Amino acid sequence: MDILRFITAGSVDDGKSTLIGRLLYDSKSIMIDQLEAIEKQTKNREEGDIDLALLTDGLRAEREQGITIDVAYKYFSTPKRKFIIADAPGHIQYTRNMVTGASNSDLIIILIDARHGVIEQTRRHSIIASLLNIPNVVVAINKMDLVGYSQDTYNNIVIDFSKVAASLGLKKVVYIPISALDGDNIVDPSTHLSWYDGPSLLDLLETVEVEQYSNLTKARFPVQYVIRPQTEVLHDYRGYAGKLVSGIYRKGDQITVLPSGLQSRISAIEIGGKEVEEAFAPQSIVLHLEDDIDISRGDVIVASADQPKVSQELEVLLCWMGNKPLAEGNRYLLQINSRLVKSIVKEIQYKLDVNSLEKQFEPGTIALNDIVKATIKTASPIPYDAYAELRVNGGAILIDETSNVTVGACMIQ
Amino acid sequence: MMSKYRLDHLDQLESEAIHIMREVAGQFEKPALLFSGGKDSITLVHLALKAFRPGKFPFPLVHIDTGHNFQEALDFRDALAAEIGEKLIVRQVADTIKLQNLTEPKGKFASRNALQTFTLLDTIREFKFDACIGGARRDEEKARAKERIFSVRDEFGQWDPKLQRPELWNTYNGRIQKGENVRVFPISNWTELDIWNYIRRENIALPSIYFSHEREVLEYEGQLVALSEFIQREDTDKISVRRVRYRTVGDMTCTAAVESTASNIDDIISEIIATKTSERGETRIDDKVSEAAMEDRKKSGYF
Chain E
35 MDILRFITAG
45 SVDDGKSTLI
55 GRLLYDSKSI
65 MIDQLEAIEK
75 QTKNREEGDI
85 DLALLTDGLR
95 AEREQGITID
105 VAYKYFSTPK
115 RKFIIADAPG
125 HIQYTRNMVT
135 GASNSDLIII
145 LIDARHGVIE
155 QTRRHSIIAS
165 LLNIPNVVVA
175 INKMDLVGYS
185 QDTYNNIVID
195 FSKVAASLGL
205 KKVVYIPISA
215 LDGDNIVDPS
225 THLSWYDGPS
235 LLDLLETVEV
245 EQYSNLTKAR
255 FPVQYVIRPQ
265 TEVLHDYRGY
275 AGKLVSGIYR
285 KGDQITVLPS
295 GLQSRISAIE
305 IGGKEVEEAF
315 APQSIVLHLE
325 DDIDISRGDV
335 IVASADQPKV
345 SQELEVLLCW
355 MGNKPLAEGN
365 RYLLQINSRL
375 VKSIVKEIQY
385 KLDVNSLEKQ
395 FEPGTIALND
405 IVKATIKTAS
415 PIPYDAYAEL
425 RVNGGAILID
435 ETSNVTVGAC
445 MIQ
Chain C
3 MMSKYRLDHL
13 DQLESEAIHI
23 MREVAGQFEK
33 PALLFSGGKD
43 SITLVHLALK
53 AFRPGKFPFP
63 LVHIDTGHNF
73 QEALDFRDAL
83 AAEIGEKLIV
93 RQVADTIKLQ
103 NLTEPKGKFA
113 SRNALQTFTL
123 LDTIREFKFD
133 ACIGGARRDE
143 EKARAKERIF
153 SVRDEFGQWD
163 PKLQRPELWN
173 TYNGRIQKGE
183 NVRVFPISNW
193 TELDIWNYIR
203 RENIALPSIY
213 FSHEREVLEY
223 EGQLVALSEF
233 IQREDTDKIS
243 VRRVRYRTVG
253 DMTCTAAVES
263 TASNIDDIIS
273 EIIATKTSER
283 GETRIDDKVS
293 EAAMEDRKKS
303 GYF
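Chains as they are written, first to last, in the working numbering: chain E, 35 to 447; chain C, 3 to 305.
Bear in mind the hints are in silico, worked out from the structure with no lab data behind them.
Among these hints, one or two may not hold up.
On the chain C side, residues computed to face chain E include the following (Cβ under 8 Å) [as the list claims (entries may be wrong)]:
| id | residue |
| --- | --- |
| 1 | Y7 |
| 2 | P56 |
| 3 | D141 |
| 4 | Q166 |
| 5 | P168 |
| 6 | S242 |
| 7 | G283 |
Listed below are the simulated SDA-like cross-link pairs for lysine to any residue, each with C-alpha atoms no more than 20 Å apart in a straight line [claimed, not checked]:
| id | chain 1 | residue 1 | chain 2 | residue 2 |
| --- | --- | --- | --- | --- |
| 8 | E | K62 | E | Q99 |
| 9 | C | K278 | E | D60 |
| 10 | C | K32 | C | V92 |
| 11 | E | K308 | C | V92 |
| 12 | C | K164 | E | Q346 |
| 13 | C | K32 | C | I178 |
| 14 | C | K164 | E | N438 |
| 15 | E | K308 | C | K180 |
| 16 | C | K278 | E | Q99 |
| 17 | C | K58 | E | G306 |
| 18 | C | K180 | E | I433 |
| 19 | C | K164 | E | Q99 |
| 20 | E | K411 | E | K308 |
| 21 | C | K6 | E | T241 |
| 22 | E | K380 | E | A339 |
| 23 | C | K52 | E | K411 |
| 24 | C | K58 | E | K205 |
| 25 | E | K205 | E | V244 |
| 26 | E | K62 | C | L51 |
Remember, predicted model here, so these are calculated numbers, not experimental data.
Built from N, CA and C at the ideal position, the CB exists for glycine as well.
Let's have the full structure, built from the sequences with the hints guiding it.
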């Protein structure tokens, strides 16, 4: 059994909560006491039917307003897979929270109300899917019951969305007509939608290929911590602890430490205290090298044969998450995996209009939730891969050094 | 073809948790691991062994003892700390009550659960802890489902759910101002069943109260509470001896037992798969105060 992490974004009206409720309910992941608690709250608020949104919206402010403000993580499993749902807000005001949920997702479910078709929000969510390079996109065309299960309606939406997908370069897109409320095509195929011969949503979630398994070529190992027991018996023990974020390492492999460029060979690999011949992503391991060289937290150990780029100037797509505006010349800390360096925003080339996808070359003030193309200069070299090729070594965050808050997400080009 | 290089879900969760613990070690000066002797924090200790051996832990184990704990869990706590040779710091809620003239809660199941926060914050101040690793899981409760893995708290330990930092990829920002601290939850993405499957796979030892045993209990609103000196007895109490086990281990005053004959991990896992009640719903009396009980406690510094 493996894990699929996926994100659904939206608000109550989009049917997101009903969809999640349906997946949890049909996979028997909602317990009786939780259902009873929802029933009780529904009565408290003098409403009619059970409101499944109460199950997912965990904060008082969310329940009061009937909106999702921040990501909630929900869990269910079937005999085939464990699923982690990032249940995210869909509203533009909370884009940074949606980006948080999207950054670790293998798949995104974009919900479209069959009555309304492709709308502004659909385009915005698709941009985030593209920006964060979520490998799989499922377009769930919901509320088919309200359009008489019409194949024409479905086909028109597919045509409309295909244009969006093409303009954003979204590749693996699957369309499923559903009714979350009635359970059509959620777990079982729907008799109302006999013209559709694709998988049900759960079938798809259970079988879709998970990205990490294709990350086995470029060996990247950011050092988190150096283990040095300094006891009599283990006087010379020096192990580099970290997670192999991509690739495979074997004993004897030739490695290069970046950014220093020093070279050595792997003399031993440990996992959970046991020596192994090889390790692969995403295992947490301890590496030992043949030579005693200077390595500390923030260095990246890579395969000498296939190295990332190293630069002090990064071209990035940047999702701005700060409450104060972003401006050229601003200084931030930049963190990529365990590496933390000072940086400066050298230039802002353009702002991306999240509704029209147009590039605005005279962007004016860059505010919360804006997406821009920028050049960032760093105080010391950064080993990186292009985000589009290797997500785990191409994403960086910006931190405001005075408030310590995370204010930006950078997808390195 | 690639199947050789696939990690199953427990391996993935384990690797993620080890990565998070090592981030704590790499980013903080004075971290601590909150350890109660319950299954989740025992799992954390097991993960820390995998993350840091053959080195020592870069943090002590810290227990905030309400004085209402199960003796079996306390004995287990001491034995485990001794066995692995790591430092254990215990601070007593009773001492804080005396020192700060706090008011003991009253009532039949008077719980020191809320007072724990005072002792925790004092302990954080005493040792200048900048990060506290805890065994909370997001599947436990709907406010926990919202919390980041690195959760920044102000100097009063308060969680502000509307001001959470964005947390992208596996990049954790643990930078804080003086006086603030970070609560870190390495097993955020584990479910109750994942924990039990991992305990089985790794052959992790647990306190005996997790397994079926006979106990004198008081039946109260459908829940079975162990008889102890900490609860008020009345003549009308329905008391009986039952075969029970604990699904969670908290204070004797606010943790209920479940009827069970499960005497080994396999039986427990079968029970959990078959159960129709959630972990906290079945066993925690303290969550039932209101629909936002956990959110409110977190906002005021609770774990």
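Results of checking the hints against the structure:
1. Y7: Interface hint status for Y7(C): holds (5 Å vs cutoff 8 Å).
2. P56: Holds. Min distance 5 Å.
3. D141: The hint holds - D141(C) has a Cβ within 8 Å of chain E, the shortest such distance being about 5 Å.
4. Q166: At about 6 Å, which falls below the 8 Å cut-off, the nearest Cβ of chain E leaves the hint on Q166(C) intact, so it holds.
5. P168: OK, holds: P168(C) within 8 Å of chain E, min 5 Å.
6. S242: violated (23 Å)
7. G283: holds (3 Å)
8. K62(E) x Q99(E): violated (28 Å)
9. K278(C) x D60(E): holds (13 Å)
10. K32(C) x V92(C): Since the Cα atoms of K32(C) and V92(C) sit roughly 16 Å apart, the hinted pair holds (cutoff 20 Å).
11. K308(E) x V92(C): Violated. K308(E) to V92(C) sits at ~32 Å, over the 20 Å cutoff.
12. K164(C) x Q346(E): Violated: K164(C) and Q346(E) sit about 35 Å apart, past 20 Å.
13. K32(C) x I178(C): holds (13 Å)
14. K164(C) x N438(E): Cα-Cα ~16 Å, so holds.
15. K308(E) x K180(C): Violated, at about 39 Å.
16. K278(C) x Q99(E): With Cα atoms ~30 Å apart, K278(C) and Q99(E) exceed 20 Å; violated.
17. K58(C) x G306(E): Distance ~14 Å between K58(C) and G306(E) Cα, so the pair holds.
18. K180(C) x I433(E): holds (17 Å)
19. K164(C) x Q99(E): At roughly 14 Å apart (the allowed maximum being 20 Å), Q99(E) and K164(C) satisfy the hint.
20. K411(E) x K308(E): The given pair, whose Cα atoms are some 41 Å apart, is violated under the 20 Å limit.
21. K6(C) x T241(E): holds (18 Å)
22. K380(E) x A339(E): violated (32 Å)
23. K52(C) x K411(E): violated (38 Å)
24. K58(C) x K205(E): violated (47 Å)
25. K205(E) x V244(E): Given pair K205(E), V244(E) holds - Cα atoms ~15 Å apart, limit 20 Å.
26. K62(E) x L51(C): Cα-Cα ~35 Å, so violated.
Violated hints, in rising order: 6, 8, 11, 12, 15, 16, 20, 22, 23, 24, 26; the structure is consistent with all others.
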